[in-house]
Amino acid sequence: MPRIGVLIDNNTLDDHLAREHGLSLVILLDSGDRWLWDTGQSGIFFDNARAMGIDLAQLSGLALSHGHYDHTGGLDRLWRETDFTGPIYGHPAVMTGRYACSCCSPPRAIGLRTVNRQRLASQLIPVSDTARLGPGLTMVTNITRQAGNFEPIQGFYLDPLGRTTDTIPDDTALVLETGYGPVLILGCCHSGLENTCDHIAVNLGINRFHALIGGLHLKSAKPNHIEETLQTITRFGFSEVYAGHCTGTHAISSLSDALPGKIHPMGSGLLLTFPPSGHSTT
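Under full-length UniProt numbering, the very last position in the sequence shown is 282; numbers go up by exactly one each time.
Any given hint might turn out to be false.
[Stated by the list, open to error] Pair ranges (Cβ atoms, derived): (1) V115 with A147: 33 to 43 Å; (2) T249 with S102: 14 to 24 Å; (3) S105 with T234: 33 to 43 Å; (4) G148 with A51: 36 to 46 Å; (5) D55 with R163: 13 to 23 Å; (6) S220 with N11: 15 to 25 Å; (7) I125 with T249: 17 to 27 Å; (8) P260 with L161: 43 to 53 Å; (9) P126 with N11: 15 to 25 Å; (10) Q58 with P276: 28 to 38 Å; (11) G148 with G179: 10 to 20 Å; (12) G181 with A147: 36 to 46 Å.
Note that these hints are calculated values from the structure, not bench results. Think of the CB as a built atom: it goes at the ideal place given N, C-alpha and C, for glycine as much as any other residue.
All chains should be modelled from the sequences, with the hints used to inform the complete structure.
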């Protein structure tokens with residue numbers, strides 16, 4: 001049965017497991033394929049994986065949700081511990097330099113955190129549309145942004161002076177087919193949930209999902225942005241939502257109040273198991 005495990009998140013569901021501002025998930029397929037989705041900020045995801053009894057030495061591949069430090073900072077630890085030589089799937093812009101600026105703090109670099117950029121480049125498989133990673137697991141990139149829809153890209157720039165806005169075009173998502181229906185796997189959802197779901201509906205023909213897991217980047221979202229997210233969850237029929245990382249406690253509370261019984265805790269140590277699916281997204 002396909003499984004998704006949370007190796008690192010801002011919160012933990014087990015006091016024996018670490019937490020940090022970052023995200024890393026492992027996706028275990030019926031075929032035996034084992035995929036890593038991001039590597040967190042520091043590499044401590046690897047210790048959590050060991051504690052959870054999950055072996056990362058035989059990964060089929062790594063998929064990067066986007067090129068921010070809190071999703072790529074564990075790359076060097078992965079290479080050091082396993083000498084991982086498999087494919088690394090990501091949008092072509094995943095290695096772009098990134099900065100965050102605000103009126104209250106000086107600019108800071110928030111891009112890739114690795115001393116092995118050349119090694120990453122040699123293993124990177126650029127994905128500019130969709131890619132089938134394994135049976136029933138599809139990566140979706142170049143998500144269409146509809147004017148007026150929420151996309152959390154405020155405060156992100158391509159230069160340290162904050163002159164050129166970074167729209168984070170490398171934001172990606174995964175779709176895992178299960179017996180309950182498709183599961184949407186997110187990093188930070190910088191494209192916005194409505195844009196992401198609409199894009200998948202058009203390109204993969206999926207109009208309903210069983211579950212969602214990952215970050216929704218609603219920490220600083222306005223009430224209308226949270227409402228848009230709520231409407232999207234309802235419109236696409238999500239039965240279970242595991243929103244963590246950058247979602248924000250206020251937004252999670254708002255989602256829980258509006259959708260009782262659908263919003264569930266997410267954190268290090270969460271392990272979801274689904275019945276197998278008889279078909280794939282591609």
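Going through the hints against the structure:
About 40 Å separates the C-beta atoms of V115 and A147, a value consistent with the hinted range of 33 to 43 Å. A C-beta distance of roughly 20 Å is found between T249 and S102, which places it inside the suggested range of 14 to 24 Å. Under the hint 33 to 43 Å, the C-beta atoms of S105 and T234, about 36 Å apart, fit the expected range. Taking the beta carbon of each, G148 and A51 are about 44 Å apart, inside 36 to 46 Å as hinted.
D55 and R163 have their C-beta atoms about 46 Å apart, which leaves the hinted 13 to 23 Å range violated. Checking the proposed 15 to 25 Å range against S220 and N11 shows it holds: the Cβ atoms sit about 18 Å from each other. The hint said 17 to 27 Å for the Cβ distance between I125 and T249, and at roughly 36 Å that hint is violated. Separated by about 46 Å at the C-beta atoms, P260 and L161 satisfy the suggested range of 43 to 53 Å.
Against the hinted window of 15 to 25 Å, the Cβ-Cβ separation of P126 and N11 comes to about 32 Å, which falls outside the hint. Judged by the Cβ atoms, the range 28 to 38 Å given for Q58 and P276 is violated: they are separated by roughly 20 Å. In this structure the hint that G148 and G179 lie 10 to 20 Å apart at CB is violated, the actual value being about 36 Å. Checked against the hint of 36 to 46 Å, the C-beta distance between G181 and A147 comes to roughly 30 Å, which is inconsistent with it.
Hint compliance for this structure: hints 5, 7, 9, 10, 11, 12 are broken, all remaining hints hold.
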